[in-house]
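Colleague: Given the sequences, and given the hints that come with them, work out the whole structure.
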Amino acid sequence: MSDKMEDAGVGTKACAEEFWRWKEYRHHDESIDWRDAQIVSAGIDIGSVSSQAVILVDSKLFAFSNQRTGFDSPESANKAINWAMEGTGMTLDDIHYTVGTGYGRVNVPFAQKAITEIACHARGGNLMYGPTVRTILDMGGQDCKAIRCDQRGKVEAFLMNDKCAAGTGRGMEVFADLLSVPIQDVGELSLSVEQEPDPVSSTCVVFAKSEASALLREGWPKNKVLAAYCAAMAHRVVTLLERIEVEKDFAITGGIGKNAGVVKRIEMELGLTALQTRYDSQIAGALGAALFANALEGKRRKS
Amino acid sequence: MIANYGYKDGSGDFFIAVDTDKCDGCGDCIPVCPGKVFAVGEDPHDPLREEPVVTVVDEQRRKLKYTCSPCKPDRDRAPLPCVQACEPLALTHSW
Amino acid sequence: MITGGIDIGAKTIKVVLVEEGKILAKSLVPAGLDTDAATNQAVEDALSAANLKKDAVARFIATGTGRKTCPVTDNEVTEVSAAANGAVHVFPNCRTVVDVGAEEGRTIRCNEEGKVIDFAFNEKCAAGAGTFAEGMARALEVSLEELGPMSLRSNEAVPMNAQCAVFAESEVVTLIHNKTPREDIARAVLDAVASRIISMVRKVGFAPDIALIGGVALNPGFIAAMKRGLETEVLVPEEPEYVGALGAALSGI
Ligand code: SF4
Ligand code: SF4
Chain A
1 MSDKMEDAGV
11 GTKACAEEFW
21 RWKEYRHHDE
31 SIDWRDAQIV
41 SAGIDIGSVS
51 SQAVILVDSK
61 LFAFSNQRTG
71 FDSPESANKA
81 INWAMEGTGM
91 TLDDIHYTVG
101 TGYGRVNVPF
111 AQKAITEIAC
121 HARGGNLMYG
131 PTVRTILDMG
141 GQDCKAIRCD
151 QRGKVEAFLM
161 NDKCAAGTGR
171 GMEVFADLLS
181 VPIQDVGELS
191 LSVEQEPDPV
201 SSTCVVFAKS
211 EASALLREGW
221 PKNKVLAAYC
231 AAMAHRVVTL
241 LERIEVEKDF
251 AITGGIGKNA
261 GVVKRIEMEL
271 GLTALQTRYD
281 SQIAGALGAA
291 LFANALEGKR
301 RKS
Chain B
1 MIANYGYKDG
11 SGDFFIAVDT
21 DKCDGCGDCI
31 PVCPGKVFAV
41 GEDPHDPLRE
51 EPVVTVVDEQ
61 RRKLKYTCSP
71 CKPDRDRAPL
81 PCVQACEPLA
91 LTHSW
Chain C
1 MITGGIDIGA
11 KTIKVVLVEE
21 GKILAKSLVP
31 AGLDTDAATN
41 QAVEDALSAA
51 NLKKDAVARF
61 IATGTGRKTC
71 PVTDNEVTEV
81 SAAANGAVHV
91 FPNCRTVVDV
101 GAEEGRTIRC
111 NEEGKVIDFA
121 FNEKCAAGAG
131 TFAEGMARAL
141 EVSLEELGPM
151 SLRSNEAVPM
161 NAQCAVFAES
171 EVVTLIHNKT
181 PREDIARAVL
191 DAVASRIISM
201 VRKVGFAPDI
211 ALIGGVALNP
221 GFIAAMKRGL
231 ETEVLVPEEP
241 EYVGALGAAL
251 SGI
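Chains as they are written, first to last, in this note's numbering: chain A, 1 to 303; chain B, 1 to 95; chain C, 1 to 253.
Calculated directly from the structure, the hints in this document are not laboratory data.
Treat the numbers as computed from the prediction; the structure is a model and nothing was measured.
The beta-carbon is built from N, C-alpha and C at its ideal position, and this holds for glycine as well.
Incorrect hints may have been included.
Lysine-lysine pairs mimicking DSBU-like chemistry, simulated, CA-CA at most 35 Å apart [what the hints assert, rightly or not]:
id: 1; chain 1: A; residue 1: Lys224; chain 2: C; residue 2: Lys124
id: 2; chain 1: A; residue 1: Lys113; chain 2: A; residue 2: Lys302
id: 3; chain 1: B; residue 1: Lys36; chain 2: C; residue 2: Lys179
id: 4; chain 1: C; residue 1: Lys124; chain 2: B; residue 2: Lys72
id: 5; chain 1: C; residue 1: Lys124; chain 2: A; residue 2: Lys264
id: 6; chain 1: A; residue 1: Lys154; chain 2: A; residue 2: Lys302
id: 7; chain 1: A; residue 1: Lys222; chain 2: A; residue 2: Lys79
id: 8; chain 1: B; residue 1: Lys72; chain 2: C; residue 2: Lys227
id: 9; chain 1: A; residue 1: Lys224; chain 2: C; residue 2: Lys68
id: 10; chain 1: C; residue 1: Lys227; chain 2: A; residue 2: Lys209
id: 11; chain 1: C; residue 1: Lys124; chain 2: C; residue 2: Lys53
id: 12; chain 1: A; residue 1: Lys222; chain 2: C; residue 2: Lys11
id: 13; chain 1: A; residue 1: Lys60; chain 2: A; residue 2: Lys79
id: 14; chain 1: B; residue 1: Lys72; chain 2: B; residue 2: Lys22
id: 15; chain 1: A; residue 1: Lys299; chain 2: B; residue 2: Lys22
Computed beta-carbon distance windows for the label pairs [what the hints assert, rightly or not]:
id: 16; chain 1: C; residue 1: Gly32; chain 2: A; residue 2: Gly130; range: 38 to 48 Å
id: 17; chain 1: C; residue 1: Pro30; chain 2: A; residue 2: Thr239; range: 26 to 36 Å
id: 18; chain 1: C; residue 1: Pro30; chain 2: B; residue 2: Arg49; range: 52 to 62 Å
id: 19; chain 1: C; residue 1: His177; chain 2: B; residue 2: Glu51; range: 57 to 67 Å
id: 20; chain 1: B; residue 1: Leu89; chain 2: A; residue 2: Thr239; range: 17 to 27 Å
id: 21; chain 1: C; residue 1: Glu233; chain 2: A; residue 2: Ser192; range: 56 to 66 Å
id: 22; chain 1: C; residue 1: Pro71; chain 2: A; residue 2: Ala214; range: 48 to 58 Å
id: 23; chain 1: A; residue 1: Glu247; chain 2: C; residue 2: Ile176; range: 43 to 53 Å
id: 24; chain 1: B; residue 1: Pro79; chain 2: C; residue 2: Glu233; range: 31 to 41 Å
id: 25; chain 1: A; residue 1: Thr239; chain 2: B; residue 2: Glu51; range: 26 to 36 Å
id: 26; chain 1: A; residue 1: Ser210; chain 2: C; residue 2: Pro159; range: 22 to 32 Å
Modeller: If you want it as structure tokens, here you go:
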């Protein structure tokens with residue numbers, strides 16, 4: 001994959017609902033000629049904040065796009081795939097099999113099948129991080145998932161927490177708001193403390209917020225309050241991970257994966273370093289979906 | 001696979017774990033459950049699996065603590081109906 | 001003998017002065033930033049309302065989440081026994097007390113003397129207590145006091161999916177955007193809190209009469225939701241927020 005990515009130039013406007021700023025972009029690999037391919041498969045991940053489309057040509061990454069999710073899931077799915085196909089000469093009819101995943105997975109009009117993000121994340125993570133990855137932590141805007149998988153990317157254990165805002169981007173956003181710190185600066189600022197403070201004691205975001213307000217009144221600087229919250233969040237996520245029994249190698253995906261303040265503290269508590277990838281971790285779900293699409297198309301042809 | 005359905009919030013961990021290698025999709029847990037917590041069907045987390053398996057329905061996933069509370073009185077706790085009905089011992093509760 | 005009960009809650013501090021089972025005076029002060037100062041203030045207020053000097057009070061008994069650090073106290077009792085004590089004093093036939101405050105909900109079963117038999121808590125998750133309704137009132141841009149009466153004007157039960165105070169706030173905002181009547185949203189919010197409290201009540205197993213106390217019991221919409229959910233009458237004292245302090249004062253005799 002080349003590093004050439006197009007920036008659609010709209011990605012950096014701050015908006016109340018979006019706390020992880022990121023750029024919309026697309027990419028395609030011009031060295032692959034899809035017209036000769038046996039199987040062209042696609043994966044569409046419709047998340048609550050962003051949507052991705054990935055196109056594989058004989059299970060090689062050919063094109064992908066990443067953009068915000070609109071109000072309407074089918075519309076977002078169409079936009080995502082069209083953008084990924086842009087300039088490649090490919091049309092929807094050239095794609096043999098499409099799998100939808102993510103929160104809007106049943107609303108992908110051109111998909112043959114919907115598969116959960118859990119299965120897709122494991123499968124995509126296996127390719128992105130390599131077959132040694134056993135534990136994947138996905139920390140999104142509204143949920144947190146922990147997945148343990150085998151060397152082929154098959155799920156061995158998982159849990160998803162989308163009930164409670166603690167441990168999600170949303171919880172972090174509440175704190176960023178309280179302290180008027182731009183969300184993307186939270187991580188670094190929290191790491192600028194000389195000494196780690198005790199973590200905030202309440203798990204509940206609502207109660208943690210009152211606790212933090214009290215600390216501010218006591219005269220704590222912002223970075224110290226943030227450090228106390230990032231540490232609490234890291235601890236909470238680690239206790240979640242324990243339920244699925246962490247095994248190395250370990251990887252973190254999702255928006256909070258970009259917050260060093262949380263990631264560093266999770267690594268410290270687990271005594272493990274998270275793997276890095278040259279892919280954008282946001283496409284893990286769509287990539288996994290496309291891999292399943294490829295496998296399901298192969299299976300269909302055999303039968 | 002160990003599928004953990006449920007959540008953790010400020011008040012604790014509330015997960016029902018399904019061992020999908022043990023679950024044979026018989027559905028015996030469904031009629032005994034007063035909370036309508038279970039459904040049997042395709043494994044949503046393993047698209048390549050052929051046999052049906054039990055899952056926790058979406059409407060219940062985020063409120064198990066409350067849905068299950070009548071089955072879990074503080075005193076004189078009888079075995080949980082769902083756990084008792086499951087012959088292959090595929091179901092466990094975290095609380 | 002005159003005794004005083006001090007209930008130090010998360011949001012407010014209540015003081016009740018009692019003589020021979022009769023209430024002489026009561027006061028309520030917001031906890032604010034300095035709980036100790038607020039507590040002293042509440043005690044002062046109650047004393048001056050009763051026209052008494054501090055030495056006229058034989059004993060002060062503290063209860064509530066802040067009872068351990070209370071500056072003026074001779075003794076303390078747990079919130080659970082204070083609630084049971086107070087509720088049975090107000091309603092002699094009460095055997096189940098449901099106490100919902102800002103940060104915690106409790107259900108207590110007790111005997112005719114107000115002794116605790118069993119209890120359960122909803123704690124550490126704001127979705128199970130008064131704070132939940134407070135956050136949603138903010139999202140609806142009404143005061144907490146308005147939320148209840150507003151909910152009583154609802155014609156339709158709309159479901160709330162979010163089970164978290166933080167996510168529910170976004171859900172309320174979406175409902176407002178979708179032009180759902182505010183009255184219906186208000187009802188959905190109070191139904192949601194009530195349903196969580198009710199499952200806790202069922203866990204303890206309830207015996208009649210049921211009394212509803214604590215600050216949230218001031219909310220007529222919440223009372224209606226509790227009655228609907230429990231399918232039975234519930235007793236609500238005139239000033240439900242003082243029952244804990246009353247129970248503490250009574251335990252000092
Ligand atoms: S603990 Fe707090 S943040 Fe978590 S679900 Fe409850 S209200 Fe929401
Ligand atoms: S404990 Fe009761 S309500 Fe909960 S899943 Fe089992 S049978 Fe159903």
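Colleague: Compare the structure with each hint and give your call.
Modeller: Structure-based check of all given hints:
Pair hint Lys224/A plus Lys124/C holds up; C-alpha atoms about 23 Å apart against a cutoff of 35 Å. A threshold of 35 Å between alpha carbons decides the hint, and for Lys113/A with Lys302/A the separation of about 18 Å falls inside it, so the pair holds. As the CA atoms of Lys36/B and Lys179/C are separated by approximately 31 Å, the hinted pair is consistent with the 35 Å bound. Proximity of Lys124/C to Lys72/B is assessed by CA-CA distance (about 20 Å); at most 35 Å being required, the pair is judged to hold.
Straight-line distance between C-alpha atoms of Lys124/C and Lys264/A comes to about 27 Å, which keeps the hinted pair within the 35 Å bound. Between Lys154/A and Lys302/A, the direct Cα distance comes to roughly 22 Å. Compliance with the 35 Å bound is thereby established for this hinted pair. Taken as a hint, the Lys222/A and Lys79/A pair is broken in the structure, with Cα atoms around 40 Å apart against an allowance of 35 Å. For the proposed pair Lys72/B and Lys227/C, the alpha carbon gap of about 23 Å is at most 35 Å, so the pair holds.
The straight-line distance between the Cα atoms of Lys224/A and Lys68/C is roughly 28 Å, inside the 35 Å bound, and the hint therefore holds. For the suggested pair Lys227/C and Lys209/A, the alpha carbons sit about 33 Å apart, so the restraint of at most 35 Å is met. A C-alpha spacing of about 39 Å is found between Lys124/C and Lys53/C, which places the hinted pair above 35 Å, so the restraint is violated. Proposed proximity of Lys222/A and Lys11/C is supported: the alpha carbons are some 25 Å apart, at most 35 Å.
Of the pairs offered as hints, the one joining Lys60/A and Lys79/A holds, with about 22 Å between alpha carbons and a cut-off of 35 Å not exceeded. Between the alpha carbons of Lys72/B and Lys22/B the distance comes to roughly 24 Å, so the proposed pair stays at or under 35 Å and holds. Distance check on the hinted pair: Lys299/A and Lys22/B sit about 26 Å apart at the alpha-carbon level, within 35 Å; holds. About 56 Å separates the C-beta atoms of Gly32/C and Gly130/A, a value inconsistent with the hinted range of 38 to 48 Å.
A beta carbon spacing of about 35 Å between Pro30/C and Thr239/A agrees with the range 26 to 36 Å that was offered as a hint. For Pro30/C and Arg49/B, the hinted distance range of 52 to 62 Å is satisfied, since their beta carbons lie about 58 Å from each other. Hint check: His177/C to Glu51/B, Cβ distance near 43 Å, so the stated range 57 to 67 Å is violated. Taken as a hint, the range 17 to 27 Å holds for the pair Leu89/B and Thr239/A, whose Cβ atoms sit roughly 26 Å apart.
The hint said 56 to 66 Å for the Cβ distance between Glu233/C and Ser192/A, and at roughly 58 Å that hint holds. The given range of 48 to 58 Å is broken by Pro71/C and Ala214/A, whose C-beta atoms sit roughly 18 Å from each other. The hint said 43 to 53 Å for the Cβ distance between Glu247/A and Ile176/C, and at roughly 45 Å that hint holds. In this structure the hint that Pro79/B and Glu233/C lie 31 to 41 Å apart at CB holds, the actual value being about 34 Å.
One distance hint, 26 to 36 Å for the beta-carbon pair Thr239/A and Glu51/B, holds here, with the actual separation near 33 Å. For Ser210/A and Pro159/C, the Cβ-Cβ distance of about 29 Å falls inside the hinted range of 22 to 32 Å, so the restraint holds.
The structure is inconsistent with the numbered hints 7, 11, 16, 19 and 22, although it conforms to all the rest.
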